[in-house]
Amino acid sequence: MHTKTLIELAQGLRSGEFSSVELTQIFLNRIKQHQHLNAYITVTEEAALQNAKAADVRLANGKAELLTGIPIAQKDIFCTLDVKTTCGSKMLDNFTAPYNATIVEKFNQAGAVMLGKLNMDEFAMGSSNETSYYGVVKNPWNTHTVPGGSSGGSAAAVAARLAVCATGTDTGGSIRQPAALCGITGLKPTYGRVSRYGMIAYASSLDQGGPMTHSAEDAAILLQTMAGFDEKDSTSVDCPVPDYRAGLNNSLAGLKIGLPKEFFGNGLSSNMAATLETAINEYRKLGAEIKEISMPNLKLAIPAYYVIAPAECSANLSRFDGVRYGYRCENPVDLTDLYTRSRGEGFGKEVKRRILMGTYALSAGYYDAYYIKAQKIRRLISEDFKNALAKVDVIMGPVTPTTAFGIGEKIGNPIEMYLSDIYTIAINLAGVPAMSIPAGFVAGMPVGLQIIGNYFAEDSLLNIAYQYQQVTDWHQHTPKGFE
Amino acid sequence: MSLTADDVNKIAHLARLGIDKHDIESYAKDLSGMLDLMTRMGELNTDDVEPMAHPMDQVQRLRPDVVTEQNNRKKFQAIAPQVEAGLYLVPKVIE
Amino acid sequence: MEWETVIGLEIHTQLATKSKIFSGASTAYGAEPNTQACAVDLGLPGVLPVLNEEAVHKAVIFGMAIEAEIAPYSVFARKNYFYPDLPKGYQISQMELPIVGNGHLDIEVDGIMKRIGITRAHLEEDAGKSLHEDFHGLTGIDLNRAGTPLLEIVSEPDMRSAKEAVAYMKKLHELVRYLDICDGNMQEGSFRCDANVSVRPKGQKKYGTRAEIKNINSFKFVEKAINHEIERQIELIENGGRVIQETRLYDSVKDETRSMRSKEEANDYRYFPDPDLLPVLISEDYKTVVKAQLPELPQAKKHRFKDQYALDEENAAILTYSCQMADYFERVLKESGCEAKLCVNWITGELSAALNKAGLEIMDSPVGSERLAGLLARIRDNTISGKIAKQVFEEMWQSTATADEIIAAKGLKQITDTGAIEAIIDKIIADNPGQVEQYRSGKDKVFAFFVGQVMKEMQGKANPAEVNKMLKVKLNQ
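Protein chains in written order, with numbering that gives the first Met the number 0: chain A, 0 to 482; chain B, 0 to 94; chain C, 0 to 476.
Check before you lean on any hint, since a few could be wrong.
Claimed, not checked - Here are the simulated DSS-like pairs of lysine-lysine, each with C-alpha atoms no more than 30 Å apart in a straight line:
1. 460/C <-> 412/C
2. 9/B <-> 83/A
3. 78/C <-> 28/B
To be verified - According to the in silico footprint, chain A covers these stretches of chain C (three or more CB under 8 Å from chain A):
4. 35 to 44
5. 47 to 54
6. 74 to 82
7. 274 to 285
Because the hints were derived from the structure by calculation, they are not lab data.
For glycine and all other residues, C-beta sits at the position ideal for the given N, C-alpha and C.
Turn these sequences into a full structure, and let the hints steer you where they fit.
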């Protein structure tokens, strides 16, 4: 049952083959059974069963939507009313959100059943899930390796089928990279497509929520619910949401795919390159034209990102001060002590590193050299994408330089960890949408193919991914022990 | 470019971030490494480039001046570390 | 040595919107602590700001009124610092691109006009309040005020005395109330002033080092605080010391300023554009619409009053002190049909005295313009005399009755029936033969005695002109 697609499950619920309560119970059992993966921070068993019951009533009344009764899970970055919302941090270990994020509200309206909250890197800062206060998540394909991050819990839960599908957020690759490392489908929408209200901010001008699923079709269904204008988010874009499933069957004949030569250089391991070449060949067979392109400023994406994201986060995380909610140190002697100890004890090392970096980059005398310079580079990178996407329909490339690395392998060397995000970060700087889809295996570990499109071209990305998934079955593989 | 332990202490104070004194050196090293990464930005001449703060050139939408929020103090203060008489309490503020 | 003072003011005006600048919480003053602090105002994780259109509108109105440049493109920035009344750890403000640019305001001191430059005015959110009364040695934080829209108006260092600074502040206070963008309530903190003060030897071009005096919240204190600060600086320099750039707090009880080093420590606000907000665009069309809606400004209104109603400077100034006062005057004028002089005398006389005594503003006057107009109309048509009118006004102040109702109820109508007056005059002449003799022998002064007697007899209700005329005829018979 747990290996069925979302559509199959929705049909099963409608035909009465099984109820939402039964389905939910199966997933709750699996979560318990595979607790060692550490994918969940909070499991909301009671509420899930209650909501499943309500979904069954709705299904019986014929008022169900596609997601009604489907067990899903939320990345613990989204505020969920009366449910612990930690953002992977000790700072919020005692925080019960007093409101729902907009997308949580939307899933509730659709009748989806939330199983719980998924583990993640602390405040979404990390590429391996090792910065979580709740401990590292294990990659179901090899539990000695990381699931990627920051949406590592989401990727592991979907791959291990501890939820039908999940949400993630992506600031520099946090949906695509774990999706690639865990062999699932992940979509980072155009900046402004999905509301950020209630999604705890890391870097506001880069953050974007999106679906993490088995297939492109499932992703289309989730995005349909998540996308849309929100008057509570000034950066939300008021433009119509297309029917994402309607275009999935469009032919790819004549599709122009650009391969940036900067993506296929030295950093990429040869067997990764070979796997991607095979995937791109599938597209050739589907009628696409392949062109080499160049995006000369991509190489500066990492430095620009590591100025902009920390700068924004240094301000975004100032609200965690031990006054109104969250962690407060014991017996503060004065105000400065309250601040420095609450924040010093409540935040982990990676978060502190980025707050320090951002504070430094914004401080007097350095603002122009770092922040303004990075914003200028950001424009050049965004122009690279605009120019490229004027010549080709989509850009393809790797998501990661290697498959999942070992737990503990890179955590001691933050710079090396940052450099592993080389293929994903530029996309957030430009704000364009991008997907990661399963494209094969290297030594038994999943490899992701990245598809990058133009602003608001999620429908075309989903179509391109879907067509590939009609002729390949990489997205249907299940890690051993989780079948 | 490299940061000293003293630099780290100054930034940490600006950010009100308590840092274990045994960790200062390692932060100084990591931050210096990050700064080295950033100096690469200097390779590119950007004199004529406009800084870009947002991915899209959108403009601010305005909200009608209407009161939409009701008193929700009880719920908000249920998660507060220390409150009394409806106020959040903090160590004495000296002006 | 002769010293010259240089003063610039930063004035924070709370914009009179219903909801906050970035949230839908109420801005009403005086609510229970933290009952008007919503998720956005509290800076809960995940919340986002959305800009209030009325705050923008009011800022543009102000910009238009001071003939400033309105920025076609302005940007919100985060000003980072930690303080318990600042929930997010940053204040959303404007730094590099404020909504209102260069403008000016003309002031008058001792009959001399002076133009004060306004550098800029920018939108920002107010902070909450720290309450220092004892909570077991702790401070209480009320965030109701957090997120209230502020327009910070920054002047050029164009003022040269505390007197000029007060004149500027008063002028600005009058303007924001005229424009109806701020209620001007200084006790409630709707209009707050910081002063930058420095001194330099007369003739020197370079500015001296300035001190910033924070939160001086009355016109009286502004003058005192600045004068005190000038004295302090001059004394310091003359004794060989140096003024240091710092923030000082005015203590109105001790009448002194003192250093606020605690707040000064390592100020590095790390401004950067707020990524949660997008640039604000103001179109030419929008400006045209706002311009058309601008009310008549104080200066223009005063000139018009002088011309149109032949008022002197003093009365014109009193009547245009506030928009409400000016409107009141014009309504009374129109509804009573009286000449301006009578209306002015009543408004600046009886009415103002009564308001002062009761500590009320014109908009709270128990006698509204309609009732006052009704009273003055009765003076105009000779129904009552000015003296009786004062008596009627006192009745009106205590009740909701109209002048006509009071006149009727109390029988205060002037007696214009010549037969009745004639009978009284005959009686008075008959009763006072001695005085009649004196008058007829050429003692004109005695005439006033007869007028007084008649009026007394008639309880003041006779028309004095009529009484005069008839008395003359009778006595001369």
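Now for the hints, and whether the structure bears them out:
At roughly 6 Å between alpha-carbon atoms, residue 460/C and residue 412/C fall within 30 Å of each other, so this suggested pair holds. A threshold of 30 Å between alpha carbons decides the hint, and for residue 9/B with residue 83/A the separation of about 34 Å lies outside it, so the pair is violated. For the proposed pair residue 78/C and residue 28/B, the alpha carbon gap of about 28 Å is at most 30 Å, so the pair holds. Only when three residues or more bring their CB closer than 8 Å to a CB of chain A does the claim for the segment 35 to 44 of chain C stand; here the count is 5, and the claim holds.
Under the rule that three or more residues need a Cβ within less than 8 Å of chain A, the assignment of the segment 47 to 54 of chain C holds, with 4 such residues. Only when three residues or more bring their CB closer than 8 Å to a CB of chain A does the claim for the segment 74 to 82 of chain C stand; here the count is 3, and the claim holds. With 4 residues having a Cβ less than 8 Å from any Cβ of chain A, the segment 274 to 285 of chain C passes the three-residue criterion, so the hint holds.
The structure fails hint 2 only (numbered hints given earlier).
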